[in-house]
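> Per full-length UniProt numbering, residue 1 is the first one in the sequence shown, and the count goes up by one each step.
Among the hints, erroneous ones may be present.
Unchecked claim - Keeping only pairs whose Cα atoms sit at most 20 Å apart, straight-line, the calculated EDC-like set for lysine to aspartate or glutamate is:
id : residue 1 : residue 2
1  : K55       : D14
2  : K134      : E170
3  : K134      : E58
4  : K141      : E18
5  : K46       : E69
6  : K47       : E69
7  : K141      : D15
8  : K145      : E82
9  : K119      : D139
10 : K145      : E58
11 : K55       : E69
12 : K145      : E69
13 : K60       : E170
14 : K145      : D77
Said to hold, decoys possible - Using C-beta positions, here's what the derived DEER-type ranges look like:
id : residue 1 : residue 2 : range
15 : Y40       : P135      : 33 to 41 Å
16 : E170      : Y19       : 43 to 51 Å
17 : V53       : E18       : 15 to 23 Å
No lab work stands behind these hints, which were simulated from the structure alone. Remember, predicted model here, so these are calculated numbers, not experimental data. For every residue, glycine included, the Cβ atom is placed at its ideal position computed from N, Cα and C.
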Amino acid sequence: MFGAMQVAKRIPFDDNPEYITYARIAYVSAQVICLLINYYCSFRVKKANDLTVLKYVEPKSPMSQEPGELVTTTHRDYDLNEISKATRGVLMGTIMVAVMHLYMGYTNPLVIQSILPIKNALESKHALIWIWGKPATGDLKRPFKAAPGMFGMASQGGPQTDKKAIAEAEKAGGNKKDE
């Protein structure tokens with residue numbers, strides 16, 4: 001990221017407006033590549049059609065006193081949901097950079113966001129499984145653990161898959177089915 005920032009600082013956008021056009025083309029191309037990566041992963045998930053049942057307890061909200069909610073789904077639906085979240089993330093990032101560039105006049109985010117999203121998409125958990133062919137074990141075991149939040153601190157734990165937590169959630173009656 002720091003390397004991309006240094007490159008973006010050294011590009012003379014003010015001296016040559018043609019560079020802005022190149023940066024825009026690179027940015028749009030990077031976002032399209034990210035969307036294609038997500039589309040390819042969803043295609044592979046649908047083709048594999050893994051209907052293995054997956055039960056887990058969603059982590060509760062940090063501000064809530066309610067217990068976590070039991071989710072019953074399949075590997076296929078879980079993966080499609082995660083890919084959908086990643087696609088929404090790409091689209092939201094595109095909107096944010098578009099506002100920063102078109103409304104506020106910043107050009108450096110175009111350069112930085114032409115590199116990082118592709119890297120993140122290719123290193124995502126669903127890409128590791130469906131593009132690179134890694135087995136869904138360890139860190140890639142479903143449900144995926146929550147990524148560390150800001151400053152490397154883990155967020156609210158992540159989904160619980162132990163039998164005790166699932167049994168408690170079933171007793172509490174908080175069952176949610178993903179269709």
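> Does each hint hold? Answer for all of them.
So, going through the hints one by one against the coordinates:
| no. | hint | in the structure |
| --- | --- | --- |
| 1 | K55 x D14 | violated (55 Å) |
| 2 | K134 x E170 | violated (32 Å) |
| 3 | K134 x E58 | violated (25 Å) |
| 4 | K141 x E18 | violated (46 Å) |
| 5 | K46 x E69 | violated (26 Å) |
| 6 | K47 x E69 | violated (29 Å) |
| 7 | K141 x D15 | violated (50 Å) |
| 8 | K145 x E82 | holds (12 Å) |
| 9 | K119 x D139 | holds (18 Å) |
| 10 | K145 x E58 | holds (11 Å) |
| 11 | K55 x E69 | holds (11 Å) |
| 12 | K145 x E69 | holds (16 Å) |
| 13 | K60 x E170 | holds (15 Å) |
| 14 | K145 x D77 | holds (17 Å) |
| 15 | Y40 x P135: 33 to 41 Å | violated (19 Å) |
| 16 | E170 x Y19: 43 to 51 Å | violated (59 Å) |
| 17 | V53 x E18: 15 to 23 Å | violated (56 Å) |
When held up to the earlier numbered hints, the structure conflicts with 1, 2, 3, 4, 5, 6, 7, 15, 16 and 17 and fits the remainder.
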